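Mapping to our numbering: the sequence shown position 481 is 484, numbers consecutive.
It cannot be assumed that every hint is accurate.
[What the hints assert, rightly or not] Pairs of lysine-lysine, DSS-like flavour, derived with a Cα cap of 30 Å:
| hint | residue 1 | residue 2 |
| --- | --- | --- |
| 1 | Lys-365 | Lys-318 |
| 2 | Lys-365 | Lys-533 |
| 3 | Lys-522 | Lys-533 |
| 4 | Lys-447 | Lys-28 |
| 5 | Lys-318 | Lys-533 |
| 6 | Lys-447 | Lys-522 |
| 7 | Lys-28 | Lys-522 |
[Said to hold, decoys possible] Here are the in silico distance ranges between beta carbons for each label pair:
| hint | residue 1 | residue 2 | range |
| --- | --- | --- | --- |
| 8 | Asp-284 | Arg-41 | 48 to 54 Å |
| 9 | Tyr-381 | Ala-296 | 35 to 41 Å |
| 10 | Asp-57 | Glu-530 | 49 to 55 Å |
| 11 | Met-475 | Arg-379 | 27 to 33 Å |
No wet-lab data here; the hints were simulated from the structure.
Quick caveat: nothing in here was measured; it's all calculated off a predicted structure.
Here a beta-carbon is modelled for each residue, glycine too, at the ideal position from N, C-alpha and C.
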Amino acid sequence: MSRDRALLERALDRGEQDGGNVEFKERLSRDVHLEGGRRESLAAQLRHRLLSGDGEATYAVGVTDDGGLAGIDPDTFSETMDVLSLLAEEADAHIDDVQTWGINGGSDANESDGDRSSTASDRGLVGLATIQEGSVLETDDEHVVVGTAGHVDHGKSTLVGSLVTGNADDGNGATRSFLDVQPHEVERGLSADLSYAVYGFDDDGPVRVRNPNRKADRAAVVEEAERLVSFVDTVGHEPWLRTTIRGLVGQKLDYGLLVVAADDGPTRTTREHLGVLLATDLPTIVAITKTDAVDDERVEEVEREVERLLRDVDKSPLRVSRHGVDAAVDEISERVVPIVETSAITMDGLETLDELFDRLPKTSQDTGEFRMYVDRSYSVTGVGAVASGTVMAGEVEAGDELLLGPMPDGRFQEVEVRSIEMHYHRVDTAQAGRIVGIALKGVKESAIERGMALLPRSADPTPVREFDAEVMVLNHPTRIGDGYEPVVHLETIGEAAAFHPEDGRLLPGDTGETTVRFKFRPYLVEEGQKFVFREGRSKGVGTVTDVHPAH
Numbered sequence: 004m005s006r007d008r009a010l011l012e013r014a015l016d017r018g019e020q021d022g023g024n025v026e027f028k029e030r031l032s033r034d035v036h037l038e039g040g041r042r043e044s045l046a047a048q049l050r051h052r053l054l055s056g057d058g059e060a061t062y063a064v065g066v067t068d069d070g071g072l073a074g075i076d077p078d079t080f081s082e083t084m085d086v087l088s089l090l091a092e093e094a095d096a097h098i099d100d101v102q103t104w105g106i107n108g109g110s111d112a113n114e115s116d117g118d119r120s121s122t123a124s125d126r127g128l129v130g131l132a133t134i135q136e137g138s139v140l141e142t143d144d145e146h147v148v149v150g151t152a153g154h155v156d157h158g159k160s161t162l163v164g165s166l167v168t169g170n171a172d173d174g175n176g177a178t179r180s181f182l183d184v185q186p187h188e189v190e191r192g193l194s195a196d197l198s199y200a201v202y203g204f205d206d207d208g209p210v211r212v213r214n215p216n217r218k219a220d221r222a223a224v225v226e227e228a229e230r231l232v233s234f235v236d237t238v239g240h241e242p243w244l245r246t247t248i249r250g251l252v253g254q255k256l257d258y259g260l261l262v263v264a265a266d267d268g269p270t271r272t273t274r275e276h277l278g279v280l281l282a283t284d285l286p287t288i289v290a291i292t293k294t295d296a297v298d299d300e301r302v303e304e305v306e307r308e309v310e311r312l313l314r315d316v317d318k319s320p321l322r323v324s325r326h327g328v329d330a331a332v333d334e335i336s337e338r339v340v341p342i343v344e345t346s347a348i349t350m351d352g353l354e355t356l357d358e359l360f361d362r363l364p365k366t367s368q369d370t371g372e373f374r375m376y377v378d379r380s381y382s383v384t385g386v387g388a389v390a391s392g393t394v395m396a397g398e399v400e401a402g403d404e405l406l407l408g409p410m411p412d413g414r415f416q417e418v419e420v421r422s423i424e425m426h427y428h429r430v431d432t433a434q435a436g437r438i439v440g441i442a443l444k445g446v447k448e449s450a451i452e453r454g455m456a457l458l459p460r461s462a463d464p465t466p467v468r469e470f471d472a473e474v475m476v477l478n479h480p481t482r483i484g485d486g487y488e489p490v491v492h493l494e495t496i497g498e499a500a501a502f503h504p505e506d507g508r509l510l511p512g513d514t515g516e517t518t519v520r521f522k523f524r525p526y527l528v529e530e531g532q533k534f535v536f537r538e539g540r541s542k543g544v545g546t547v548t549d550v551h552p553a554h
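Could you put together the complete structure from these sequences and hints?
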């Protein structure tokens, strides 16, 4: 029996004591439990349980009044969680964690342990919902999102792991394991997909993650911190450059963090990642890592190499060790790039990064109605299909009616928001800049694809198969002619597309107009969006100037 299954049995054994904080509910429904005086009565009952538990209550769902395991179907379980979330909001509280089990044999379907089932279970479900007093962080002006980049083995994930935990690395990448999400990534020491991490600040300084391997500890940072810093940790290995581009282009980032190892210095991958960061006009910090592994002369040599690299692309380097944190905060921009010397082993320079991330202002702007491009999708037992990504604009709330698409045939499908989760912390609303998972009603997980968009039901979106753009060729062995087919990275879209240059061809260093047509299907594309294109070692950047509705 698992530890969490034992937790369920202990909760049932404790029962609904008059002075206890455990409540049994077989099911809750909108039609019955939110109507008339029932809502106020149930919210008062929840407040009593919170008071009895010193600010925490446990609701056992799918059980009878005497603690028997009844089990409910996944749709009913999801509706019960929605109603419980609304009751919690009324009681000035929030759902902090949900654990689910199938009661008719089989393995645990325990969400809190990270088992995301690929198919919804048809077994009866029981669950434990932990409810905490207090609302979640509301001030998105105090939520900064940072995208990391840099060559493989230069220490991106290790640096971020040490920042969010405050723990020094052991020299073998121990803190990196807090971000690498797949077993083969941990084993090989290579990240193969985007990873996410979070820490924060309050009046007393950094609010770090006590144990990043526990979802509850990461969720606690979201609840406790007055200011949040989320990291989108990208991939440093050359075969996964397209994943790195997706991480830097497809997220609503405020800053870039480019790492360069002191023992290796800038590489071709360093230059490629810097090019993507700067092409998207993202204010960037360079962290020189592994300074403990070399002498001071080598650190100085690498710092001069980085300064030359930045000046080659018309950027002004600013050494924080020389000019101070105040100057870095005041001057960082699309043109000025601060440089910080760091070591995750000795922790040198990490206090400087802490101070920067605590003080740097949010740069991305929130304009217009809600919009989110899907980066990942998965299915959660008892919840259903979940679309994950960064809210690019506006605000989304549990219960909102949205459009998802375009589908391969160009249509947009109507869906409803069941619930929203951010860094494993359930929230009622999410604003622009938040990295969230949105549970959707009305669609199967298999129908959700990366690159699709979520929009308000009132929107009138147009699927786009072809658009005009102004592009700049950064690198290409010969010329780009009519019919050239790179992969275009726009938001979370990564799709092969055919180029048809206005003047017939484009040479390295050229800027020109071209028509771009997606090879396989339409997407949501809007004027002014920036994109990166790549094919082999050929690379370039562009801006959408006009769109042509799909036919």
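Verification of the supplied hints:
no.	hint	result
1	Lys-365 with Lys-318	holds, 21 Å
2	Lys-365 with Lys-533	holds, 20 Å
3	Lys-522 with Lys-533	holds, 19 Å
4	Lys-447 with Lys-28	holds, 28 Å
5	Lys-318 with Lys-533	holds, 20 Å
6	Lys-447 with Lys-522	holds, 25 Å
7	Lys-28 with Lys-522	violated, 52 Å
8	Asp-284 with Arg-41: 48 to 54 Å	holds, 52 Å
9	Tyr-381 with Ala-296: 35 to 41 Å	holds, 38 Å
10	Asp-57 with Glu-530: 49 to 55 Å	holds, 54 Å
11	Met-475 with Arg-379: 27 to 33 Å	holds, 30 Å
Against the hints set out earlier in the document, a violation occurs for number 7 only.
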